[in-house]
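Add chain H to chain A, keeping to what the hints say.
There are 2 protein chains.
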Amino acid sequence: MKFGRILRDSPDGKIARLVVVEPEKGRVIDLARAAALHYAAKLHATPDAARRFANAAFPGSMAEALAMGDYLADQSNDIVAARGDDASIEIDGVDWLPASDPPVLRDGLNFLGHIKNWSAKMGRTVPDAMERIIPYCQNSPSMVIGNNAIVPWPGYIKRMDYELELGWVIGRRSTNVTPDNALDSVFGVTLYNDFSGRDLQQDEVAIGMGGTKAKNFAHGIGPWITTLDEFKDVYSIEMEVRLNGETKGKGVSKDILWRVEEVLSFISLGEYLQPGDVIGSGTLEGGSALEHDIILNPGDVIELEAKGVGILRNVLGTPQEGLWWPTAQPGKLS
Amino acid sequence: MKFGRILRDSPDGKIARLVVVEPEKGRVIDLARAAALHYAAKLHATPDAARRFANAAFPGSMAEALAMGDYLADQSNDIVAARGDDASIEIDGVDWLPASDPPVLRDGLNFLGHIKNWSAKMGRTVPDAMERIIPYCQNSPSMVIGNNAIVPWPGYIKRMDYELELGWVIGRRSTNVTPDNALDSVFGVTLYNDFSGRDLQQDEVAIGMGGTKAKNFAHGIGPWITTLDEFKDVYSIEMEVRLNGETKGKGVSKDILWRVEEVLSFISLGEYLQPGDVIGSGTLEGGSALEHDIILNPGDVIELEAKGVGILRNVLGTPQEGLWWPTAQPGKLS
Numbered sequence: 117m118k119f120g121r122i123l124r125d126s127p128d129g130k131i132a133r134l135v136v137v138e139p140e141k142g143r144v145i146d147l148a149r150a151a152a153l154h155y156a157a158k159l160h161a162t163p164d165a166a167r168r169f170a171n172a173a174f175p176g177s178m179a180e181a182l183a184m185g186d187y188l189a190d191q192s193n194d195i196v197a198a199r200g201d202d203a204s205i206e207i208d209g210v211d212w213l214p215a216s217d218p219p220v221l222r223d224g225l226n227f228l229g230h231i232k233n234w235s236a237k238m239g240r241t242v243p244d245a246m247e248r249i250i251p252y253c254q255n256s257p258s259m260v261i262g263n264n265a266i267v268p269w270p271g272y273i274k275r276m277d278y279e280l281e282l283g284w285v286i287g288r289r290s291t292n293v294t295p296d297n298a299l300d301s302v303f304g305v306t307l308y309n310d311f312s313g314r315d316l317q318q319d320e321v322a323i324g325m326g327g328t329k330a331k332n333f334a335h336g337i338g339p340w341i342t343t344l345d346e347f348k349d350v351y352s353i354e355m356e357v358r359l360n361g362e363t364k365g366k367g368v369s370k371d372i373l374w375r376v377e378e379v380l381s382f383i384s385l386g387e388y389l390q391p392g393d394v395i396g397s398g399t400l401e402g403g404s405a406l407e408h409d410i411i412l413n414p415g416d417v418i419e420l421e422a423k424g425v426g427i428l429r430n431v432l433g434t435p436q437e438g439l440w441w442p443t444a445q446p447g448k449l450s
Numbered sequence: 117m118k119f120g121r122i123l124r125d126s127p128d129g130k131i132a133r134l135v136v137v138e139p140e141k142g143r144v145i146d147l148a149r150a151a152a153l154h155y156a157a158k159l160h161a162t163p164d165a166a167r168r169f170a171n172a173a174f175p176g177s178m179a180e181a182l183a184m185g186d187y188l189a190d191q192s193n194d195i196v197a198a199r200g201d202d203a204s205i206e207i208d209g210v211d212w213l214p215a216s217d218p219p220v221l222r223d224g225l226n227f228l229g230h231i232k233n234w235s236a237k238m239g240r241t242v243p244d245a246m247e248r249i250i251p252y253c254q255n256s257p258s259m260v261i262g263n264n265a266i267v268p269w270p271g272y273i274k275r276m277d278y279e280l281e282l283g284w285v286i287g288r289r290s291t292n293v294t295p296d297n298a299l300d301s302v303f304g305v306t307l308y309n310d311f312s313g314r315d316l317q318q319d320e321v322a323i324g325m326g327g328t329k330a331k332n333f334a335h336g337i338g339p340w341i342t343t344l345d346e347f348k349d350v351y352s353i354e355m356e357v358r359l360n361g362e363t364k365g366k367g368v369s370k371d372i373l374w375r376v377e378e379v380l381s382f383i384s385l386g387e388y389l390q391p392g393d394v395i396g397s398g399t400l401e402g403g404s405a406l407e408h409d410i411i412l413n414p415g416d417v418i419e420l421e422a423k424g425v426g427i428l429r430n431v432l433g434t435p436q437e438g439l440w441w442p443t444a445q446p447g448k449l450s
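From first to last, the protein sequence lines are chains A and H.
Numbered per my numbering, the first sequence finishes at 450, counting up by one with no gaps.
Numbered per my numbering, the second sequence finishes at 450, counting up by one with no gaps.
Hints in this document: simulated from the structure, not taken from any laboratory.
Computed from a predicted model, the values in this text were never measured in an experiment.
All clues given are correct.
Since the list gives no way to pick out one identical chain from another, each pair is judged satisfied if it fits inside one copy or across any two copies.
Here are the simulated lysine-lysine pairs, DSS-like style, with alpha carbons at most 25 Å apart: (1) K370 with K448; (2) K370 with K423; (3) K366 with K448; (4) K232 with K448; (5) K448 with K237; (6) K274 with K232; (7) K366 with K348.
Looking at chain A on its own, in the form it has when it is part of the complex (with noise of 0.2 Å):
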């Protein structure tokens, strides 16, 4: 299945509703008025106490709807075939929101043919601690975006770049896990675009403290995510990315330098996967403007797409100046 969030007009404003996605269809459900509705016939519970009961059980908030571990992938099936007609909403001008609210945003660098490019790009050597250790790096859930969002563009930032990754989603709190059991905590795949800044990156590499300002501005995340069973093998989804409409990178998810598996494991070790997190699996090669000399603008429109998952379509905004920037203080440490 496929399970995403939107924005939805109630008396309250505007408020996050989970919804099961069937492109297919041309439609979205709206997951908790759906289950009201079947709780409400199939309980014989009273329509407000149903109400209360749907919306507790799927929750705006992806995060917190995946908290309650396998009931959303248990129960949205028949909650969807009793009573899906009844709310459903056309798929066309849906106001998405990020697939996920993560509680932790993490991502990784493991294709090998992006780590050989962008190192070069940068006139960085590739760190042969990558081949003993898993590279992945924290970054702020403060600032995900869905799909069809602008791109906040800070003025700080002059070389914008997109990245194709897919993004992992957690389904399940667990610590600790390996190799061959590490997938059982994926509740699913989406697409996730970690918009940077390459010429920040330069000093925010060279400190090492992982990136800062060059990424925290925007993650793009979504469309939606279609559930890890509907995927053969996390190893064969083809994935492509097109500026303006024109293919500029493509691929399919191997060629890596560690199994998904073995980061998701490295990942959870001494701390916790928590359910909605989600994992970026490292940019494709070739999955970033930087690795074709691609200069951005703004206005341009940036689409993800990988097979099973769909497409994400973000469109650059304009850059924002005045901002307060630090005054530089060269000596400082010598």
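What follows is chain H alone, placed relative to chain A:
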């Protein structure tokens, strides 16, 4: 005032409760309980309604409580004055939770002496990029621990370390703040022990994507939060670290690369500071064992103290062996 979080028994098992801390009176006050009593009397509310309202206003999550903006700071004085005696618990024996449950946990690198000492011990050159942009990292908040907690010690860390830091706790959702108003976003000050695995950190710094397994096994936050108004000056807070009762480092919160106001402003650029977020000040000069060539062992007691806050005490646990670890792939990237 001082605010913390504790665990209490309930018919639902142990639950988190927000407390006002009065160390000088040897007690903590259960804020939701005191508020329910206060509202019932003052507003002529029914006991049940007063309890529901009080628990919504003063939830066990610090992030959720602070998300209501100024409400916590504005109301607590009156509530404690009116009904503190009827909802107080002896401070000894209290089961402390991390003082905040941060949506995002960040950590600076800011004390000049520590930057130089740490770099020398790690055999690294201090990058001049730190004179241009403000260094900080994102940590995973899934392993925050509170006062008196045993520090989990994953077996893949050989050289354990502590770090003496202040934690700036965010009180307001805010973005693009500037040095002249940055401190308005700060609710208060806590202690932050950024436990670190120094051996593993070498490879993580070489990769340059931020600390991962060398950092995200334990983040000590507590014992509680002292509101910012109780400090005359954020640059004159006296700090100290003790190992098994012996002072190993001490100093004052000055001698920094970037002003606190600049650090907060930089972090807020293009994204959000969120209520409950904790931002580590960076380690005080001499605030780590590494800087003194001290080797830590299981059972060691680490106490961080800050004047005006209190003492955050933790005990190192026993290394957990038998965890999965990736098998090195020498040559895979060449």
